[in-house]
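Q: If you want the building blocks of each chain, they are given just below.
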Amino acid sequence: MISQNTPLAVLKPKDFASDQDVRWCPGCGDYAILKQTQKVLANLGSRRENTVFVAGIGCSSRFPYYMGTYGFHTIHGRGAAVATGVKIANPELDVWLVTGDGDGLSIGGNHLMHALRRNVGLNIMLFNNRIYGLTKGQYSPTSEQGKKTPSTPMGSIDPPLSPLSIAVAAEASFVARSVDVDKSLTDVLETAAKHPGTSLVEIYQDCNVFNHEAFAYATGRRGFEKEDHVLRLEAGQPMIFGKDRDKGIRLTDLKPEVVQLGDGVSEADLLVHDPSDHCLAFLLSRLRHPEFPEPVGVIYAAEKPRYEELVAGQVAEARERRPDANLRDLLHAGETFTVEA
Amino acid sequence: MSSGDGVSVAQKPAKRLTSAVIRFAGDSGDGMQMAGTQFTDTSALFGNDVATLPDFPAEIRAPAGTVAGVSGFQINFASEDIHTPGDRVNALIAMNPAALKAHIVDVEPGGLVIVNETEFTKVNLKKAKYAEGYNPLDDEVLNSSYQLLRVPISRLNSEALAETGLGAKDAGRCRNMYALGIVYWLYGRPLETTVTFIENYFTKKKKRPEVAEANIKALKAGYYFGETAEIFSTRYAIDKAEIAPGVYRKVTGNDALAMGLIAASELSGKDLVYCSYPITPASTILHALSAQKQFGVKTFQAEDEIAACCAAIGASYAGQIGVTGTSGPGLALKGEAMGLAVITELPLIVVNVQRGGPSTGLPTKTEQADLLQAMYGRNSDSPVVVLAPSSPGDCFEIGIEAARIAMQHMTPVVILTDGYLANGAEPWAIPDVEKLEPIELPEAGDASSFEPYARDEKGVRPWASPGMAGFEHRIGGLEKEHVTGNVSYDPENHQLMTLLRQQKIDKVAEQVPAIEPYGDADAELLVLGWGGPCGSIYTAVERARERGLKVAGAHLRYLNPMPMNLGEVLKRFPRVLIPEINMGQLRSMLRAKFLVDARGLNKVQGRPFLVEEISMAIDRMLDGTWGDAEALMPRNGELVLPRPWTN
Ligand SMILES: Cc1ncc(C[n+]2csc(CCOP(=O)(O)OP(=O)(O)O)c2C)c(N)n1
Ligand code: SF4
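Chains A and B, in that order, give the protein sequences. The first sequence begins at 2 in the working numbering and counts up by one. The second sequence begins at 2 in the working numbering and counts up by one.
Take these hints with a grain of salt, some might be off.
[What the hints assert, rightly or not] Taking CB as the label site, the calculated pair distances span:
(1) B/Ala69 - A/Asp275: 25 to 35 Å
(2) A/His333 - B/His288: 12 to 22 Å
(3) B/Asn380 - A/Asp275: 43 to 53 Å
Quick caveat, the hints were computed from the structure, so don't treat them as lab data. Idealized CB from N, CA, C, for every residue including glycine.
Excised from the complex, chain A in its bound form:
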């Protein structure tokens, strides 16, 4: 046990690694996310004993085994529910939830939605690889229509859904996006971790076995110029993008459009990012490749009361109202009668 007087050692990223061998496929995007997360915890000055990683089931959900913190690898889709229980029982803990697009949006869609609307103090990392990795490559709720996989040999007929639109609609108080190999991931995760309520960060993650380079446009592979396809959001700044920072997003008749700067279009005509604007957040969540560059960074952030604090608050209030509550009185409540010997 650490004594009260020992100054706490400053932990380094490697102190947040467990002694377990990491077993993802070589080249999997999960590695990059793992490394950056360990760095974020070190930057934040986190304590191993107060940090908990909870996950569902999927390749990405193996994450807790590789962290030197407390970890709980639960069941498919239900990580959010377990994490909610952890937070209710002990609001002091720093709880992270790792989930995949199948885990969080398919079987666990219900739980994800409710964790978000309750604003449980969780840091949710949603690894989106647009495929089911662990079960060998079936299409997922974020796969594009027409996707050919072992379960959809003629192409999938399900329309994909947008995790960010769902998060915004589910009243999430913090919504962001980043990419596994993007350096901005560290910043985004750090900002998310500092956000007091639920934060949801969608992370584009490359499943190099079953859906390799699904996000090539955002990572600059296959000849893509990534800066032409991602929109880096900054609070208070106009929405400019492109390798030469010569393109922007303008709103015309409530519809976003991509415009070329110059030729009568100036920065002043562009949308300015305001992370506290809920409508704007939804609009940003709708920008999709290839028509639009896809936003990365903090899309939405607002302060809302935290669920576990409200729970604890009611307990405290009840205790205040009935300071001398005791078991004896509880058992004797209502009408009692005595049978004499």
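Assemble the complex: chain A is given as a structure, and chain B with the ligands must be docked to it using the hints.
A: Relative to the frame of chain A, chain B with the ligands by itself:
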């Protein structure tokens, strides 16, 4: 004798009885549950032993006046020790034709039937689907079979409240109190309890003093009616019961269970985190606990049952007591999460208030057919502890016991109660808080030598929770390596861990009290029960013994692991009868485990056993007429073979 508030008791002759069974029946909007509850409270406070059987329709408001919308409440109150709400109804109060139609079959021949004559209109008779032109009140057979008393309750009630200035609708609502007043007079009960209740409820809580006043007026008017009207020839007196000294209150199983869980939290110093999704008949546990936050109780109404179970597991993982409660279909949803608690070896309490199934089945009726689901309803070998309370009051003890086992043995514990125990009420001897044993918790040991899956001599792993420095570890649903808890696909390890998980549960048996049959030690027959039927079984066994038969009975509160002497007990008796509200689930388990020729009495009608049904089975077991059938079922007062019923 005074019944309070200056109402003096008329000098009509009172017939002394040792017990009486009365049933209030009316439309769901008629306030029958409230009338029944009030009668129960009054009788319990008076000093009778009581047992109740509320019976709700599944619909919240089935069309008024129809048989589907009838709500009933049966009370057995006695000057002797009773264990069931009674077989035959001695007095029925029927507030409309549908209520008469639905409940008359249960009234004993010659029994008292008080009908609210005002409601026997053409329209209401039609709604109750009586044949055109027929009015049961004029039926000669009915009149000669029962003491049929026509009281225009609705009309008399309105007249009594004419001066109050209350609208017709509000005044009409007081008719349940008018009816209750009549019954109070009939059985010589005091009015104080109900007057106080009305004042608390309508004046203090609902802030409607005029409604309180009207209800009290109706209650008294009903009482005076009994006294002055010349239609009752007799009154009845049921003396105080000789019950063990102590302080008592009336509790339902769900109330008692909620208190038991709070007690467990106090006894262990852990916060109770109760996670649930509403479902009948378990919801009232959630309601009861949500009102007790001053005890540090945290309640979480989850989005569904598996979420509730997962959140409870999360709470236990974080070091508090995670409890989740539900009923049958909800238990099915929790199954996968319970498996997670089994493999991670975390404490968890799962309350299943069983109801009629399968699927949505009979949501408001009782059944005990989830035993095998509790035992085996998960993938793979997934042993858990299973407990069943034997009476509403016993739910308190079971709540504490479940928490003790869950935390001391790091295991999920399923509590199987049922709709009958959950809603039924009985006087409960309030335990002395000082005498409740604290729940000692296992230590996590020393951080330097901590291994998440090292086991103590009971096979139990340490409970280290997030926040404890030096104990950081990872758990999850993948198979664990013995001792280290690391993920392991090693074949031998899986076999070992499967065995260790089983042995850990088996070891709980060392703490399980021996089963102690009551009745005749040299009995020819043992009647073994669990859960709801225990009361009926007890009464049937005692009655058989009064008739000179050699019979013993026993309650099985520990269904997994079973008491270590159970096999020996079963072999001690030449015959074994197991009445269950299912098709023979405990019977199958005991036959498989102990190779005992146990016979079953199986009733699956959404209703508890009548004592006489068990009595008949006892007789047929003992007189040799049972034959070689493994099980019989009660049907229309007979015991028949459980084969396809033909009409
Ligand atoms: C109840 C249940 N159903 C199905 C599965 C099988 N399963 C495991 S992971 C998975 C999908 C995982 O996809 P995703 O969440 O996108 O994670 P990835 O493996 O791609 O990281 C499925 C269907 C399971 N473990 N449990
Ligand atoms: S299957 Fe895909 S997601 Fe899973 S580990 Fe391999 S590369 Fe990563």
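Q: Could you run down the list of hints and mark each one as holding or not?
A: Verification of the hints:
no.: 1; hint: B/Ala69 - A/Asp275: 25 to 35 Å; in the structure: violated (57 Å)
no.: 2; hint: A/His333 - B/His288: 12 to 22 Å; in the structure: holds (20 Å)
no.: 3; hint: B/Asn380 - A/Asp275: 43 to 53 Å; in the structure: holds (49 Å)
Consistency note: the structure conflicts with earlier hint 1 alone.
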